Amino acid sequence: MHTDRIDYMVIAYLCYLPIALGLTWYVARSLFRNSIVFMKDIFNGREEIALATNTLFRIGFYLLNIGFALYILKIGEQLTSAQGAIETLSFKVGGFSIYLGIMLFLNLYLFFRGKRVAKQKRLEYEMNARYNNPGPQQ
Amino acid sequence: MDNNVLAYTIYIASTLYLIYWVGRMCHRNGRIFILKLYHGDTEATDTINNILLLAYYLFNTGYALLRLKNWEKVLSTAQLVASLGHHLGLLTLILALTHYFNIALIYFLSKRHHRFTS
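For the protein sequence lines, the chains are E and R, in the order given. Going by the working numbering, the first sequence opens with residue 199, and the numbers climb by one from there. Going by the working numbering, the second sequence opens with residue 1220, and the numbers climb by one from there.
Quick caveat, the hints were computed from the structure, so don't treat them as lab data. These numbers come from a predicted model, not from an experiment. Heads up, the beta-carbon is just placed ideally off N, CA and C, and yes, glycines get one too. A portion of the hints provided could be inaccurate.
Stated by the list, open to error - Calculated cross-link-like contacts (lysine to aspartate or glutamate; reagent style EDC-like; alpha-carbon spacing at most 20 Å): (1) R:Lys1292 / E:Glu322; (2) R:Lys1255 / E:Glu245; (3) R:Lys1330 / E:Glu322; (4) E:Lys290 / E:Glu275; (5) E:Lys317 / E:Glu245; (6) E:Lys290 / E:Asp205; (7) R:Lys1255 / R:Asp1265; (8) E:Lys317 / E:Asp239; (9) R:Lys1255 / E:Asp239; (10) R:Lys1330 / E:Asp239; (11) R:Lys1330 / E:Glu246; (12) R:Lys1330 / R:Asp1221; (13) E:Lys272 / R:Glu1291; (14) R:Lys1255 / E:Glu246; (15) R:Lys1330 / E:Glu324; (16) E:Lys313 / E:Glu324; (17) E:Lys319 / E:Asp239.
As the list claims (entries may be wrong) - Listed next, the stretches of chain R that the computed footprint assigns to chain E, with coverage defined by at least 3 CB atoms under 8 Å from CB atoms of chain E: (18) 1239-1248; (19) 1266-1279; (20) 1305-1311; (21) 1318-1327.
Construct the complete structure from the given sequences, taking the supplied hints into account.
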C-alpha cells in the first residue's frame, strides 16, 4: 500500500513536468516567431535592436512561465488510485494552460500597445518637422 | 545517497546552469541598449556590460546558495520532486520579475532620451 501511493505521486509529477514544459515551449515559440513583425514595426525597421528586444521578451516569458509551472508542481493530497491521479493531473494541467493563455494575451497587448505608441510618436515627429521647417517643396 | 544531498546536487547544478544561461543571453542582447545610451561608445559599453554581468552572477548565485539552509527534510522521491520544483520555481520567478523590471527600466530610460524608437 505504501509503495503504491508513492508510485502514483511520482508518476503524476513525471507526467506533469514534460506536459507543462512542452506547452510553455510551444506557446513561446509560436508567439515569438510572430512577434518579430511587431518589433520591426516598433523599432522602425532596425533589425538588430528589434531582434534583441524580441529575445529579451522571450527569455522573460520562459522564466515567468516555467517558474510558475515549477512553483505549482507540488500535489497537496495523497494519490492512492489511478483515477485520483488523472483527476489531479488534469486539474493542474488545465489551470496551467488557462494561465498560459492569459500570459499570451498580456504579451500580445504589450506588443500592440508598443506598436500604437511608436506610430503616434512617428506621426508627432513628422508633424513637428513639417511645422518647423516647411521646406522648398511646399 | 541521502535524499537531501541528492536534492542539493540537482538544485545547485540546475540553478547554476540557469543563472549562467540567463546571464549570457542578457549580456549578449542587452549590449545594444547600453550602446545606445552611451551614444555608440563601444569601450565604455563593454566595460559596463561586463561589470553588470559579474555583479548579476555574484548576487544570484549568492541568493541561490543562501536558500539551501532552510530546506525541509526530504523523506521520499515524491517529496524530493515537489521540494525541488518549489525551490527552483521560486528562484525562476524571482529571475523573471527582475528581468521584467529591467525591461521596464530600459523602456523608461529610452522614453526620457527618445533614443530607441524614433
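Quick rundown of the hints versus the structure:
no.	hint	in the structure
1	R:Lys1292 / E:Glu322	62 Å, violated
2	R:Lys1255 / E:Glu245	14 Å, holds
3	R:Lys1330 / E:Glu322	14 Å, holds
4	E:Lys290 / E:Glu275	13 Å, holds
5	E:Lys317 / E:Glu245	17 Å, holds
6	E:Lys290 / E:Asp205	18 Å, holds
7	R:Lys1255 / R:Asp1265	12 Å, holds
8	E:Lys317 / E:Asp239	9 Å, holds
9	R:Lys1255 / E:Asp239	19 Å, holds
10	R:Lys1330 / E:Asp239	17 Å, holds
11	R:Lys1330 / E:Glu246	19 Å, holds
12	R:Lys1330 / R:Asp1221	53 Å, violated
13	E:Lys272 / R:Glu1291	14 Å, holds
14	R:Lys1255 / E:Glu246	12 Å, holds
15	R:Lys1330 / E:Glu324	18 Å, holds
16	E:Lys313 / E:Glu324	17 Å, holds
17	E:Lys319 / E:Asp239	12 Å, holds
18	1239-1248	holds (count 4)
19	1266-1279	violated (count 0)
20	1305-1311	holds (count 6)
21	1318-1327	holds (count 3)
Of the numbered hints listed earlier, those contradicted by the structure are 1, 12, 19.
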